[in-house]
Amino acid sequence: VKVRGFRIELGEIEATLAAHPSVQQTLVTAHQDTAHETRLTAYYTCADGRRCAPRSLREHLAESLPGYMIPSAFVWLEALPLTANGKTDFRALPEADPADVATAEYVAPRTPAEETLAALWAELLKVSRVGIDDDFFELGGHSLLATQFVSRAKAAFGFDVPLRSVFEASTIRVLGPVVAVLAAQWLADNFGPADTELAAAKPQQAKEPKKPMQNEDRTRRSELPPLQPADRSRPLPLSFAQQRFWFLDQLEESREEYQIALAVRLTGDLDRPALERAFQDVIRRHEALRTTLTGADGTPVQTIRDPEDVPALKWTDLSASPQAEARRQTEQITADDGRATFDLAMDLPIRGRLIRVTPHEHTFSLTIHHVAADGWSRDVLVDELAALYTAHRTNTPSPLPELCVQYGDFAVWQREWLSGERLDADLAYWRGRLAGLEPVELPLDRPRPAVRSGLGRTVYFDLGPGLYTGLMRVAQESRASLFMTLLAAYQVLLSRYSGQADIAVGVPIANRHHAETEKLIGFFVNTLVLRSDLSGNPSFADLVAQVREHALDAYEHQDLPFERLVEELQPERDLSRTPLFQTMFQLRTPRNSWEFFGLEAEEQHVPWTTSMYDLTLEISDEDGVLSGRVEFATDLFSVELIEAFVGHFRRLLECVVADPGVRVREAEFLSDDERDVLVSGWNATGVAYPEKCLHEWIEEQAVRSPGAVAVVHGDVLLTYGELEA
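Residue numbers are given in this note's numbering: position 463 of the sequence shown equals residue 509, and the series is strictly consecutive.
For the record, the hints were derived by calculation from the structure and aren't laboratory data. Any given hint could turn out to be false.
Heads up, simulated EDC-like pairs for lysine to aspartate or glutamate below, C-alpha to C-alpha not over 20 angstroms straight-line [unchecked claim]: (1) Lys133 with Glu169; (2) Lys172 with Asp599; (3) Lys172 with Glu161; (4) Lys200 with Glu141; (5) Lys360 with Asp317; (6) Lys360 with Asp343; (7) Lys360 with Asp389; (8) Lys565 with Glu448; (9) Lys172 with Asp429; (10) Lys172 with Glu602; (11) Lys565 with Asp669; (12) Lys133 with Glu60; (13) Lys565 with Asp491; (14) Lys565 with Asp548; (15) Lys200 with Glu564; (16) Lys738 with Glu770; (17) Lys200 with Glu641; (18) Lys360 with Asp393; (19) Lys172 with Glu141; (20) Lys565 with Asp429; (21) Lys360 with Glu322; (22) Lys172 with Asp425; (23) Lys200 with Glu184.
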C-alpha cells in the first residue's frame, strides 16, 4: 500500500498497535477519500471489552512509526467480523465516525503567509494539501527538498528563508512566525515599518526597494542576487567546476570516471524519428549540451555551438540476432559507449544511441560528460526527452516552458557573486572547519599505488524494508533528516574500520539556489566536506545531532566551490589520493522509470569500471525501501572486503535503530561467526613446546633461517645468524 508516496506494510502497523497493553486484535485497512488520498483506518478489539481513546493509540504508534504510517481513525469493535470460512469479513467493517478520529487532524492555514508556505510544501511533497501541524519530514521531506523549498520561498516571498529554519521549525505553525519576522526585517531594511503579512504573502507586489539592505547581522544568503541572462557579446567564462574539468583534461587524457552513462529499456511500439527529434530538441534547448571549452589567450572560455549543429542519434539494429545474444551485445555496446571519452575542445559533451533488440524492445543509451551535467541534470534530460517524444508522437506542441536562463549565465553569476567579503567569509569558515584534517586510513587489501588509476568496481545491495521505519524514527527524534542519520552511521563504520575518531566524508549538494536552475541541465553540484568528531565515545543519537549541526552550518557556506577550497587550503599534493577526503556518501531518491507515450521505460544498469574516490557509498530511498551501491577503487580493495563492509554497515544500522543510545565504540556490526573467529579462533594460540632453554631455540632458528630478523631496536636490525655469532 502506498501512502503519501511511501510504500508501507499494513502488517507492521497492526503488529505495533497490538503491542499496546489494552489492545487484543488489530486490523488496518486502506481506502481512498474524496480527495483521492489514501487513508488508513485501524480496527481493534480490547481484552477488557472497553474502548481506548484514539489519542492514546496514536501516541503509542508515534513512538515507533513515522507519521505517514499512523491511521487517521481508530475504530473499536467488540470482535472482528468473520465470514463463514473464518476469514475477516471486510464488507462488515463499519466506517469511522468523528469519535474515532485521532488528532492531530488537518488544520488549515490561517494567514496569507501560512497559505503560501502550505502551497509550496504541497507542490514539493506532491500531496493535495498541507495543514499547519503537518511535519515537513514526516510528509516525506528531506534535505534536498528542503533546499528546493528555500529557493522557491525566495521566489515567492522576495527574501530568503534560511535552510536551518526548516529543520528547526518543521511545521507551518512554527515556521509561519519565523517567516513573519523575516518579512518584517525585509520591509524594515527596504521601506521602513509596513504590513508584514502583505510582504510574507505576496511581496512581489511591493514596489522596488529604495536602498540596499543595511543590516549586517542578516545571513549572507539573504543577499543572494538574482540569476539573469548574461551579456553574450563577449566570451562566457567557465564555471569553477568547468574550469576544473578543463584543467584535468589538459593534465591527462579525459577519463571515463568524469562521465555519466545511462541506459533505458523502451518496450512497445517505438517511433524512432520521434525519439531522434526529441533527443535533438533537448540538445538545442540546453546550451550546456552544445558547449565546448576552448582556450583564448591561454584562458579557457565557453564556445556554444549553433542550435542547428546537433548530433544525430546513433542507430544499431540487433534484432536479427537471437534475443539473448542481442541483449548481451546491447550490454556490451552501452558499456563501450560509456567508456568512450570526450575531447572537451572538439566534441559536444553528449552522445546518444538507440539499439533495436527486438521489434518491440529498444535500449536508449546516453553518455554525458560531467562538464555539462550532474545527477540532477540526468533526470531533467530524460524527463524532457519523454515529454518531447510524446509531443512528436502525438503531433502536439512541446509542453516545456521556455528557459529564461542558461548554464553560461550561471557561470557569469557565480564568478561575480563569489568575490570580496562573501568569498572571504566562506573561506574563513572552511579554513577553520578543516584545519588539521588527516586522511582516513582504511585497511587495504593491496598497497596504495603512487598514482591513483581511477579503476573501480561497484557492489549493489539491498537493506530490506524494515530498516527504513526505524531510521526515520531515529532521525525524527534528533530533528534530523534520513541523510544525516545514514551519514552518521557511515562515519561510525569508517571510524571503527580505521581506528580514527576524526572522520571527514565528502557529500554532494545540489547547489541550485535559484528556482530557475531546477529545470536546467548543467554541472551545478558542489561537494562539501562534512567532518565529525567521534572522540569521547558519544552515543549514536548524540552523533546524529552533531552531524545535523555541522551539516546545517556547512549548508550556509555551500557556495564556495570545492575546486576553490582545494586551491585555498593547498593540501599536500598526493597523486595517490583525492584531496581533503577519500570517501563519499550520497542519499538519492531515484527515478528509475519515465512516461514515454505508448512505451514502458525502465532504467538498466550500465557496467562501470571506474571509481572517483577510494570508496563511495550511495543509498537510494525508493518509496521507503532502501538499497545501495558501493563504488570502490580496485587498486585498494577486493570485492570480498567490500561485501563484508556492506554486511557490517547493515548490521550497524540494525544496532543503532534498536538502541540509538548505544555508544559508537560499542555499536555491534560483526556477525556471530565473525565474532567467534575474532574472539575465540584468533586467540586459540596454545601450542605444545618441548622442554628447551631459550638459547637452544635461538641456535636452532639460526640454523634454519640465519637471515631472518631476530631483534629490532630503532633502526638497528639483527638477524638470527648475527645474534648467534
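To see whether the hints hold, each was checked on the structure:
no.	hint	result
1	Lys133 with Glu169	41 angstroms, violated
2	Lys172 with Asp599	28 angstroms, violated
3	Lys172 with Glu161	16 angstroms, holds
4	Lys200 with Glu141	44 angstroms, violated
5	Lys360 with Asp317	15 angstroms, holds
6	Lys360 with Asp343	36 angstroms, violated
7	Lys360 with Asp389	18 angstroms, holds
8	Lys565 with Glu448	10 angstroms, holds
9	Lys172 with Asp429	17 angstroms, holds
10	Lys172 with Glu602	27 angstroms, violated
11	Lys565 with Asp669	23 angstroms, violated
12	Lys133 with Glu60	16 angstroms, holds
13	Lys565 with Asp491	43 angstroms, violated
14	Lys565 with Asp548	38 angstroms, violated
15	Lys200 with Glu564	14 angstroms, holds
16	Lys738 with Glu770	17 angstroms, holds
17	Lys200 with Glu641	31 angstroms, violated
18	Lys360 with Asp393	15 angstroms, holds
19	Lys172 with Glu141	27 angstroms, violated
20	Lys565 with Asp429	10 angstroms, holds
21	Lys360 with Glu322	9 angstroms, holds
22	Lys172 with Asp425	17 angstroms, holds
23	Lys200 with Glu184	23 angstroms, violated
Comparing the model with each earlier hint shows violations of hints 1, 2, 4, 6, 10, 11, 13, 14, 17, 19, 23; every other hint is respected.
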